[in-house]
Amino acid sequence: MNSEPLIPHLFRTEYRKIVSVLCRHFGFREIEVAEDIASDTFLVATQAWGIEGPPPNPAGWLYNTAKNKAKNYLHRHSIYEERVLPEVRAGLGEDLVFEIDLTPENITDSQLQMLFAVCHPAISEESQVGLALRILCGFGIQEIADAFLTTKEVINKRLTRARERLREVDIRIEMPAAAEMDVRLGPVLTTLYLLFNEGYYSMGQDHTLRKDVCLEAMRLCTMLIENNATNKPQVNALMAMMCFHASRFDARTDASGALVLYGEQDPSLWNADLIRSGYVFLQSGARGEQVSRYHLEAGIAYWHTQKEDSSEKWSSIVYYYDQLLKLSYSPVAALNRAFAISKWKGKTEAIRETEALALEGNHFYFALLGELYDGIDRQKAFENLDNALRLARTVADQQAIRKRIKALS
Amino acid sequence: MEEYLILMRLDLLTKEAQPSPEQMQEYMKQYHHWISGIVEEGKFAGGKGLSTEGKVLKPNSVVTDGPYAETKESLAGFIVIRAENFDDAMRLAAQCPILNGDGNSVEVRKIVSVHEQ
Numbered sequence: 001m002n003s004e005p006l007i008p009h010l011f012r013t014e015y016r017k018i019v020s021v022l023c024r025h026f027g028f029r030e031i032e033v034a035e036d037i038a039s040d041t042f043l044v045a046t047q048a049w050g051i052e053g054p055p056p057n058p059a060g061w062l063y064n065t066a067k068n069k070a071k072n073y074l075h076r077h078s079i080y081e082e083r084v085l086p087e088v089r090a091g092l093g094e095d096l097v098f099e100i101d102l103t104p105e106n107i108t109d110s111q112l113q114m115l116f117a118v119c120h121p122a123i124s125e126e127s128q129v130g131l132a133l134r135i136l137c138g139f140g141i142q143e144i145a146d147a148f149l150t151t152k153e154v155i156n157k158r159l160t161r162a163r164e165r166l167r168e169v170d171i172r173i174e175m176p177a178a179a180e181m182d183v184r185l186g187p188v189l190t191t192l193y194l195l196f197n198e199g200y201y202s203m204g205q206d207h208t209l210r211k212d213v214c215l216e217a218m219r220l221c222t223m224l225i226e227n228n229a230t231n232k233p234q235v236n237a238l239m240a241m242m243c244f245h246a247s248r249f250d251a252r253t254d255a256s257g258a259l260v261l262y263g264e265q266d267p268s269l270w271n272a273d274l275i276r277s278g279y280v281f282l283q284s285g286a287r288g289e290q291v292s293r294y295h296l297e298a299g300i301a302y303w304h305t306q307k308e309d310s311s312e313k314w315s316s317i318v319y320y321y322d323q324l325l326k327l328s329y330s331p332v333a334a335l336n337r338a339f340a341i342s343k344w345k346g347k348t349e350a351i352r353e354t355e356a357l358a359l360e361g362n363h364f365y366f367a368l369l370g371e372l373y374d375g376i377d378r379q380k381a382f383e384n385l386d387n388a389l390r391l392a393r394t395v396a397d398q399q400a401i402r403k404r405i406k407a408l409s
Numbered sequence: 001m002e003e004y005l006i007l008m009r010l011d012l013l014t015k016e017a018q019p020s021p022e023q024m025q026e027y028m029k030q031y032h033h034w035i036s037g038i039v040e041e042g043k044f045a046g047g048k049g050l051s052t053e054g055k056v057l058k059p060n061s062v063v064t065d066g067p068y069a070e071t072k073e074s075l076a077g078f079i080v081i082r083a084e085n086f087d088d089a090m091r092l093a094a095q096c097p098i099l100n101g102d103g104n105s106v107e108v109r110k111i112v113s114v115h116e117q
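Chains as they are written, first to last, in this note's numbering: chain A, 1 to 409; chain B, 1 to 117.
Hints are computed from structural coordinates only; laboratory data are not their basis. Check each hint, because a few of them may be wrong.
[As the list claims (entries may be wrong)] So these bits of chain B aren't anywhere near chain A, every CB distance computed over 10 Å: (1) Leu5; (2) Glu41; (3) Val56; (4) Leu57; (5) Pro59; (6) Glu73; (7) Arg91; (8) Val112; (9) Ser113.
[Said to hold, decoys possible] Straight line, CA to CA, 27 Å or less: simulated BS3-like cross-link-like pairs of lysine-lysine: (10) B:Lys48 to A:Lys67; (11) B:Lys58 to A:Lys71; (12) A:Lys403 to A:Lys343.
Note that the Cβ used here is the ideal one computed from N, Cα and C, for glycine as well.
Bound conformation, chain B alone (with noise of 0.2 Å):
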């Protein structure tokens, strides 16, 4: 099995999209069922929710403030999963709750070690 790195993006910007804090206690419940399902599969390997805070550190000691200054879809998280290959690492991707949301997306990346053979 191999690795692999999956990244929610949302679109924290535009106000009018905001949920509700109820329908966001909603999303969490879900979150969670996605995330047992893959716990169940033996296939989760960790992850984390990130901060709506943060900056972006550029060359020539430029700093701005927030990730999502550029960009609609911010990350907001991320999860490490195990697959038999890139096929079942996107069918378990598929099933993130935060594709139900317009502007929303998931990123799925392959984690390269070079201690692979």
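Next comes chain A alone, as it looks inside the complex (with noise of 0.2 Å):
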């Protein structure tokens, strides 16, 4: 009996690649048939290998079940055509493209594919970031209602509508032309970004899932990457954001699962080379003309992964938040710029700065006004953590504001 150990994640990173072929090959009005082809293809594996240990080629072997599968499908599908239509199609007698090619350039070629065809604002984002991980990422059903904290009911009525609605726009499953190419990587980049976040900074418990939804996303990143079609400036700086924050990922939680804020994070649990090819991709976005928002975003991410508090970090750090806040405007935006300034100009500046967004229904800002006001006004500190503590949400989030309160008495 063989019992060599199959190495991790081989069905999850096999049934997205046999789906993504899969659903290219039908075409997306028939994409519930192709999931049911890939997940068939597993829950055979399952059982046989179960009995008789996994084969020798364990890809191989799951790639000739899938496309026997397919292969029956189509066959009893046409032969029903068949009797049902009138018309005799002479000379058909040959078979139809039965042929599922399940070669390392098509694989490739249709998960870029499915990529944009999900990834389609046609769709609600959460849609988009659900479809994604279900086809691009093999997540099932349940891992995902995890990631997003809700459950399977509300995932599977979600994925089952954007599937409708992507059936009703007709999406095509194909590379968008050279000219359309950055207007169709928007919600692709969107897409991936909220993918990230997802997992960044998701209060799910299970600490694995979430740091595989942010591998994910990188994962992703890198397919566009490595497409000279897609390899354009602004996906190379979406990478190197990723690669930033990632690199701290194991630092952010301690051992009880809570928070760590940046400040007291230890820097030897950063990952250094995750940093190191972070800075490859910020340079490797350094060009053409568009400053996109991840641009932005990279070049503060860059700045975080230097824990000096120089002054040419926190200047930096402003200026891009200036320009990130004219790009889009966002209350984290804004109150992260406010912080910067106080690193970089003071506490007295910060909280005029702060305390002009009036963002009197954010427990946040509550919180940056509490910490600002640590050691120049005692009193308005506490008042500002109380109102924190009152608008907080999470445990998490609690916890962090007790710790400041309890720091200050």
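Starting from two chains that each stand alone, build the complex the way the hints lay out.
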């Protein structure tokens, strides 16, 4: 009995390759058929390999099984159509094109094309991320639900509606033309950005799952970089940003799962390889005339990998936030900028800038003020921290604020 | 010792119940671990996984697609084991990991041979 261990994640890795090839082959209308065939392949593998052990060529076995299932489906389908349709298509006695192409080239091409197909503005961004997780990353429904902190039922509904909608707009599975590549890349990069954020900031309990989600976003971004047609500056900039953030993944939570703020992180836990890689991608992205939001975020993320509190670090971060806020305003970016101001120009100036924002419903706003007033006006510090505590929603946030209040007393 | 057939049934119809590829790889490992245990006891006598496709033939030349058309409990695989008695067979069957999944079941049947006394 063959009992060699399988490589970890083999099923997930091969599932997403098979489902992308089948989706592309069947066309988007039949996407559920493609997903079913892919799932069935692994169900059979589970039974057969469970009893007899894995075959000598696991991926090859999976591909053959999937190809045969697809052939059977097409065969049944075409027989049905021949019986039902009155026209007899003379001379088409040959097999219709039943061959499923599972060569490495077609696997990569199919995944790229599926990436453009599911990251489509016709469906909501969370649907794009959900479909990407399902088809491009091979995640199960429960896993996606856990990542989004919701239920299987919600995710199933969301994905079903998304598939319906994409069928309505008759989505084609193909590479966009060079002339429209920048435009079509927009939603793709947004989806990867959101996917990464989901893994990075999610308050879900499963640390490994969240890290996997981040790594998936990075893997898909790498796919874009490795293809000439999609290897654009903004893609490299996004990759740089993800590398820099991911380098601190292990330092962001302590043993009990509580959040460790940047200022308190142990830099020896930062991944130097990822920081180096990020820098290479930052260089690659520094070409062309467009400065995308990803360039700015990568710039900010870069400076956060430099632990020393230099004036250059914080003034650069403020500069990048200035540009980012001009591109698109967000309260989080404004508050982060104010924090950077405090590090560069001192707390008094930062308090002025922060209070000008007047984000009364935002607990980060009060938490920042609480921290800024520390050492300047103790009472105001307490007042602001109390407001923050009142508004904080997650347990991790409440814990972090209580810690600050305690430190102040 | 006598021979027993152990039939594994899974809920293959309910889409929401489908495990993820990652989970299936885990199940496969657990499955294999269970089988290895039976082999170690010298009681494994063969078995196979079954394809999810197939047909059902009925009288009057009726043929339907798929062996699971009418039931949520689809036959996913079977093994043949040797055991001291029915209780011994049940002991081994009870360790089958598919029993960790809702809606799954394991059936145990003694194999009757006309050549036994």
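Verification of the supplied hints:
1. Leu5: holds, 13 Å
2. Glu41: Correct as stated: the minimum Cβ-Cβ distance to chain A is 14 Å, above 10 Å.
3. Val56: holds, 15 Å
4. Leu57: holds, 16 Å
5. Pro59: holds, 23 Å
6. Glu73: holds, 14 Å
7. Arg91: holds, 19 Å
8. Val112: holds, 23 Å
9. Ser113: holds, 23 Å
10. B:Lys48 to A:Lys67: Answer holds: B:Lys48 to A:Lys67 is near 21 Å, not above 27 Å.
11. B:Lys58 to A:Lys71: This hinted pair holds, its Cα atoms lying about 25 Å apart.
12. A:Lys403 to A:Lys343: holds, 21 Å
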